[in-house]
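Colleague: Residues per chain, in single letters:
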Amino acid sequence: MQVTAMEIYRLLPKTNCEKCGEASCMAFATKLSDKEIDLEMCTDLEPKEMQELADLLAPAVREITIGTGNKSVVIGGDEVLYRYELTYYNPTALIIDVSDTMEEAELKERINTIENAEFERIGEMLTLDAIALRNASGDVQKFKEASLILKEASLPLVLCTMDPAAMKAAVEVVGDQRPLLYAANEVNMEEMVDLALEYDCPLTIFSPNDLGTMKTLSRTAQNKGLKDLVLDPGTYVADGIGDSLDNFIMIRRLAVEERDPDFRFPILGMPALTWLYEEDEVQGGIREATIAATLMNNFADILIIHGTNIWELIPVLTLRQSLYTDPRKPQAVDGGLYELGDLDEDSPVLMTTNFALTYYTVEGDLKSGNANCYLLVLDTVGRAVDVSLAGGQLNGESVTDLIKESGIEDKVKTRTLIIPGLAAPMSGEIEDESGWEVMVGPRDSSAVADFLIDLKDNS
Amino acid sequence: MDKMSQLLKLLEKTDYIEINNFRMDFDELELQLAPAMQRVIKQAVQQQTAVKKVQEQMEALEFIPPVQEYPGEVAEVQLGAGTRKKVLMGGQKTLYRFEEPQPNPPVVTFDVFDIPMPGLPRPIREHFLEVMDHPGDWAKKAVKEFGANMVTIHLIGTGPKVQDKTPREAAQDIEEVLQAVDVPLVIGASGDPQKDPIVLEAAAAAAEGERCLLASANLDLDYKRVAKAAVDYNHAVLSWAITDVNMQKTLNKYLMKEGLTPNDIVMDPTTCALGYGIEFSVDVITRTRLSALKGDTDLQMPMSSGTTNAWGSREAWMKKEEWGPTNYRGPIWEIFTGLTLMLCGVDIFMMLHPLSVQLLSEIGSTFTKNYLTTDVPDISGWITELE
Ligand code: B12
Ligand code: SF4
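So the protein lines, in turn, are chains A and B.
For the first sequence, the positions run 1147 to 1605 when our numbering is used.
For the second sequence, the positions run 292 to 678 when our numbering is used.
Since the hints were made in silico from the structure, they are not lab data.
Quick caveat, the model's predicted, so the values are computed rather than measured.
Hints are not guaranteed to be accurate.
[To be verified] Listed next, the in silico DSS-like pairs over lysine-lysine satisfying Cα-Cα at most 25 Å (straight line):
| # | chain 1 | residue 1 | chain 2 | residue 2 |
| --- | --- | --- | --- | --- |
| 1 | A | K1160 | A | K1194 |
| 2 | B | K377 | A | K1513 |
| 3 | A | K1181 | A | K1194 |
| 4 | A | K1373 | A | K1194 |
| 5 | B | K585 | A | K1513 |
| 6 | A | K1513 | A | K1373 |
Bound-form chain A, shown alone:
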């Protein structure tokens, strides 16, 4: 549950000294409650209050960093079960596995694929977060050699072996990069915890379908002084997926609603296990993506995936981007005039809205079609074209204001505005209010570049 500003305010000095940069202690408290400022910004806190506040503000799910410096990813940190209650923090880390049985060249190629996988959406470059090295060979030396190669990779690492000897060998090589160790179980618990403590690495506890043992192992590790844990309750990719979901949900509910100290950690899911049962690349890819979506929707903070086909990764990356948008803020770009390509006073003028998805889709289509044009972006408080039409933000008056205030009339001779096909019902009103002529463009902006070419050819 989110800590309220009032609860925080009580512990602040209440002097309104403004050293934190806020107008008052209450304003500071509000920002802290929304996680928009750091506690350290208040310089006047007594140590006791500082500690109390730090405890109060610790998120329900511990925030953990895998890796170091710019080779790192942060997971966990969530406060709520449902995103509408606040927002989700730290997007699910998407991790791809590699194996120590691979030939050096093959391994390097796969690392390269993982590092370079990307998909641009709504002005954001979506990428993968880490690489998991499996001790598939069961051989200590091989695992060590493969970690040497991964040491050079640009992404943070997960080391996967249940064998403490192999883990030790690998940690000796890459331990200073703070890899996530995977995994401790009932058998190897002692040695794994010792390694995690010695090298200051986060450690995963693996206890498939057994939350009692999970709880016991978590408590034991914490008693030994280990703070950064990740929980893997097992991913069952067939009928057992129901059990996996139950486990994920129970862990997160205990963390958020009961603040159970044994479960306040990020959860790890393993869609890669799909490939234990699936050989067909397409069927397997679709199934693996489905499992990834299932677990991501239910609190997975890390997912280890095996398939690297971009058609499999695109939906997973998109779902992550969607679930982790902040429901408190509209996804919007600034309104105003945007210039694309080479322009002169005869360049065409187009209009769209400032919903981020709308703007970047249109901009992308115009750029990939090498269009040269002015683009007027109407501030609709981040609403799509038809949404703002239905909601009233897109109307004759608002478009006229945009035309006048943007200064476009000084830049071009033309007085024709090309509007989205979906905005057609508003064309008369825009013409009446602005004195411009309106031309209705295609409904989907994928056709807009060709539309502009036709227009030019016909004139």
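Following the hints, complete the assembly by docking chain B with the ligands onto the known chain A.
Modeller: Just chain B with the ligands, lined up with the frame of chain A:
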């Protein structure tokens, strides 16, 4: 395989074995117990001791599932009566399966159209090309070949700008589909606020007593007429609001004033597709189901998703080399859209692609089982077993 190689094979994938139950003929042992074998057994014994040691050190903690009490519950809606098979949906008394399994699994209904629908994406046309001229054949194929629990017949052709089919013609299409299959129907109109209520009324009359779902009643059209048709001819109504919990409450209230009960209403809180506002649907659907369980009697109905909206996303249909084949992207986009909302509580899904339907149903079917009652494979060796 002889016992020895069986044992070796077994040991390959095992972290430790139960030495107590280990039995083997003496001569076999003497002959074949290779040094490698001895090592394995020694390791196993060591590991077992380690487990014991850890277990002794750690006091085993008790785990209590975080089960909650809910004052409200979701109404159960029956579709299908008369000559139809019966399909039940809703009826949840809890939010999660570990609290109490759902009484009914989520239901999928295949989209079928009264016209050949040239605009359908290619990966779907592929499956239905030869039956698209006849909604009856189309429905039959969905049920026979793809195991549809239900069929949604969209009377798109009644749209004034489409083919402007008369309500009578619409009724004939309904009759054709009713003849062809014995599953319950969802009956959708064209989306024209003036004409839809009249079309739905005629369709409802043609399907009298069969308990179909009339899609839909909303605040932009004469919902009273739709509600009356449902009451008069024994059907249920889809109550559609646009991603707005309060609008949904209002509409449900109005519908109940017209004589419908929660057992006659399914809600459509609007499906925004993956990447096109799915997070809005997630929030609204989650809030709706939570309110129902907390006791809000205006929201205690099952929910529906127009999952096929997913096909409108450009990632689903647009040809683009760097994104891979649309053959895979389309179905995944539909699965992700439906699945995400299913996990928030949606009960019935309108879908188009056979593979999407199959995967969604597989996961949905686990919702009715008890926690830890499914046989699960041993996954502890995945690190070495994965290809
Ligand atoms: C997500 C969504 C919402 C979200 C808002 C998301 C947002 N930030 O905009 C929420 C839940 C808040 C919402 C609210 C409402 N919504 Co709404 N919503 C949608 C939904 C599902 C998707 C919209 C979307 O994201 N589209 C994607 C973007 C990229 O599309 P786009 O902006 O149109 O851009 C494309 C084209 O227009 C074109 N284009 C864009 N710019 C340009 C420029 C040029 C020059 C050209 C040529 C082309 C072009 O290319 C783009 C890419 O394809 C649609 C249904 C649908 N369309 O699937 C309903 C929909 C738009 N909503 C609708 C309604 C009625 C509403 C509400 C009024 C309902 C209410 N509860 O009151 C409110 C209004 C809120 C307000 N404005 O104050 C109706 C509108 C009906 C109508 N046309 O009259 C729709 C169509 C649903 C329906 N079938 O009834 N909505
Ligand atoms: S620095 Fe601390 S005491 Fe000063 S105004 Fe900010 S919160 Fe209040």
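Colleague: Each hint: holds or not?
Modeller: Hint check results:
With a C-alpha separation of about 15 Å, the suggested pairing of K1160 (chain A) with K1194 (chain A) holds against the 25 Å cut-off. A C-alpha spacing of about 53 Å is found between K377 (chain B) and K1513 (chain A), which places the hinted pair above 25 Å, so the restraint is violated. The straight-line distance between the Cα atoms of K1181 (chain A) and K1194 (chain A) is roughly 21 Å, inside the 25 Å bound, and the hint therefore holds. Of the pairs offered as hints, the one joining K1373 (chain A) and K1194 (chain A) holds, with about 22 Å between alpha carbons and a cut-off of 25 Å not exceeded.
A hinted pair counts as satisfied when its Cα atoms are at most 25 Å apart, and K585 (chain B) with K1513 (chain A) does not qualify at roughly 50 Å. Taking the CA atoms of K1513 (chain A) and K1373 (chain A), the gap is about 48 Å. The hint is violated against a cut of 25 Å.
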